[in-house]
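Engineer: Need the complex rebuilt from these two chains, each delivered in its own frame; the hints are there to steer you.
Chain by chain, the residues:
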Amino acid sequence: DAKTTQPPSMDCAEGRAANLPCNHSTISGNEYVYWYRQIHSQGPQYIIHGLKNNETNEMASLIITEDRKSSTLILPHATLRDTAVYYCIVRVEDNDMRFGAGTRLTVKP
Amino acid sequence: DTGVSQDPRHKITKRGQNVTFRCDPISEHNRLYWYRQTLGQGPEFLTYFQNEAQLEKSRLLSDRFSAERPKGSFSTLEIQRTEQGDSAMYLCASSLRGSRTDTQYFGPGTRLTVL
Chain A
1 DAKTTQPPSM DCAEGRAANL PCNHSTISGN EYVYWYRQIH SQGPQYIIHG LKNNETNEMA
61 SLIITEDRKS STLILPHATL RDTAVYYCIV RVEDNDMRFG AGTRLTVKP
Chain B
1001 DTGVSQDPRH KITKRGQNVT FRCDPISEHN RLYWYRQTLG QGPEFLTYFQ NEAQLEKSRL
1061 LSDRFSAERP KGSFSTLEIQ RTEQGDSAMY LCASSLRGSR TDTQYFGPGT RLTVL
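The listed protein sequences derive, respectively, from chains A and B. The first sequence begins at 1 in the numbering used here and counts up one residue at a time. The second sequence begins at 1001 in the numbering used here and counts up one residue at a time.
Isolated chain B (complex conformation) (with noise of 0.2 Å):
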């Protein structure tokens, strides 16, 4: 356990349902991480937050994505009107700017499966 935090771990919906995902980070760090990986795949990168401001995005983030952090702490990623290639595990990673190494912990990710 790394001390991120995601819920839910599973999540079934059909196509076009909007969901929510959210992530819990270690308390004292300020960055968060949010990360797509699809079956037989390493992780891709998607968007990440210091503190509340989202800092960057990939071109992966389809209008379809937001992603918030509105207090600097937990983070939602949002998903409008979802479709079968959005079928992934979706992975949170956060860590500490201003530390030695601003190494990235994992959480345990929320697979969503999209009908």
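The shape of chain A in the complex, shown without the other chains (with noise of 0.2 Å):
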């Protein structure tokens, strides 16, 4: 599976959208995106994938770039309970998930 590159940490204001970047480079024609979350001391929680066209559910959008290399992931209405850390994974389907170390958003008031 593709490696995955996110920023460590991010913040954004309470009621603005979060843009969660992710670069997968080396990302192959079937392999989808998929992000989780995972709150403290939670399980991850799934919320979104694709393969290449946006995608959008009640939780957030997805949106893949034409070359497939990178991704963001947005919530559009951030609130303090969306503070957790944010995982962006690239997995063939049936493979298992192969996290990396996320990014940390935290949504302050």
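These are computed hints drawn from the structure, not numbers from a lab. Keep in mind that the hints are not guaranteed to be accurate.
Restraint ranges, calculated between C-beta atoms of paired labels, are given here [claimed, not checked]:
#1 A:L80 with B:L1060: 33 to 41 Å
#2 B:E1068 with A:P76: 40 to 48 Å
#3 B:K1057 with A:S41: 20 to 28 Å
#4 A:K108 with B:R1022: 32 to 40 Å
#5 A:N19 with B:S1005: 33 to 41 Å
#6 A:T65 with B:G1016: 49 to 57 Å
#7 A:M59 with B:P1008: 44 to 52 Å
#8 A:N57 with B:E1083: 18 to 26 Å
#9 A:E58 with B:E1028: 42 to 50 Å
#10 A:T26 with B:P1070: 35 to 43 Å
#11 A:M59 with B:S1058: 39 to 47 Å
Which chain A residues stay away from chain B? Per the calculated CB distances, all over 10 Å, these [said to hold, decoys possible]:
#12 N30
#13 S41
#14 Q42
#15 E66
#16 V85
#17 A101
From the structure, some residues in chain A lie toward chain B, with a derived Cβ separation under 8 Å [unchecked claim]:
#18 D11
#19 Y46
#20 M97
Source: prediction; values computed, not measured. Ideal Cβ placement from N, Cα and C applies to all residues, glycine included.
Structural biologist: This is how it looks when you write it as structure tokens:
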């Protein structure tokens, strides 16, 4: 599975959009981009995933560049409860998840 | 609540003791995964089952570790002769292979402390 690069930490003001970047320049054609988050002392929570098209659900939007070498997770109106570590993972279906260190997002009032 | 449950949530044991953890996946899910997470790191894959068959084991899974899923439903992870380095969060996840995406859903984890 391809390796991902994420900034170690980011801050966001409450109520504003949080844009979390992820680089995956070695992604191959059959690898999906997945996003999970982990709030302190809890199990990782699935957020969203995509292959090449942009995706949106009730939690977030996922924007994947046309060359698929990077993506951005967007939380449209961040709240204090969105403070967590966010993991970007690329994987082929059927494979296990390979987590990196993720981005620690802090939402501030 | 994802529907994946783990028991116990916390376990404190002394070095050298054996411990066993249980995971109950989402009922219709045929795949079950075990991960380990140490402080400040992302989860690391240990092993996974499809139904009752254990299909892959990480090199992290030493011979002191054994996992079972006897009837393709719940799974147990046993650690024999625990060491202080085994202290970690043990996470279970389940997925439905054959669904469109095989997305994994995680349980709350079991936090093990070895004294």
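Engineer: Verify this label for me: A:E66 is non-interface relative to chain B, using a Cβ-Cβ cutoff of 10 Å.
Structural biologist: At about 22 Å from chain B, A:E66 clears the 10 Å cut-off, so the statement holds.
Engineer: Can you tell me whether the CB distance of A:N19 to B:S1005 sits inside 33 to 41 Å?
Structural biologist: Between A:N19 and B:S1005, where Cβ atoms are some 34 Å apart, the hint holds.
Engineer: Is 42 to 50 Å a correct range for the gap between the Cβ atoms of A:E58 and B:E1028?
Structural biologist: violated, 22 Å
Engineer: Can we keep the A:Y46 interface hint, with Cβ of chain B closer than 8 Å?
Structural biologist: holds, 6 Å
Engineer: Compute the least Cβ-Cβ separation between A:Q42 and chain B, then decide whether it is above 10 Å.
Structural biologist: With a cut-off of 10 Å, A:Q42 comes too close to chain B, as the shortest Cβ separation is near 6 Å.
Engineer: Checking the smallest CB distance to chain B, is A:N30 really beyond 10 Å?
Structural biologist: At roughly 13 Å from the nearest Cβ of chain B, A:N30 sits farther out than 10 Å, so the non-interface label holds.
Engineer: Per the hint of 40 to 48 Å, is the separation of the Cβ atoms of B:E1068 and A:P76 within bounds?
Structural biologist: holds, 43 Å
Engineer: Please verify that the nearest CB of chain B lies beyond 10 Å from A:S41's CB.
Structural biologist: violated, 8 Å
Engineer: Please check whether A:M59 and B:S1058 have a Cβ separation lying inside 39 to 47 Å.
Structural biologist: Violated: the Cβ-Cβ distance is about 30 Å, outside 39 to 47 Å.
Engineer: Against the range 20 to 28 Å, how does the distance between the Cβ atoms of B:K1057 and A:S41 compare: consistent or not?
Structural biologist: holds, 27 Å
Engineer: Against chain B, does A:A101 hold up as non-interface, every C-beta pair farther apart than 10 Å?
Structural biologist: violated, 6 Å
Engineer: Please check whether A:D11 passes as an interface residue: C-beta within 8 Å of a C-beta belonging to chain B.
Structural biologist: violated, 19 Å
In summary, the structure is inconsistent with hints 7, 8, 9, 11, 13, 14, 16, 17, 18 from the numbered list given earlier, while agreeing with the others.
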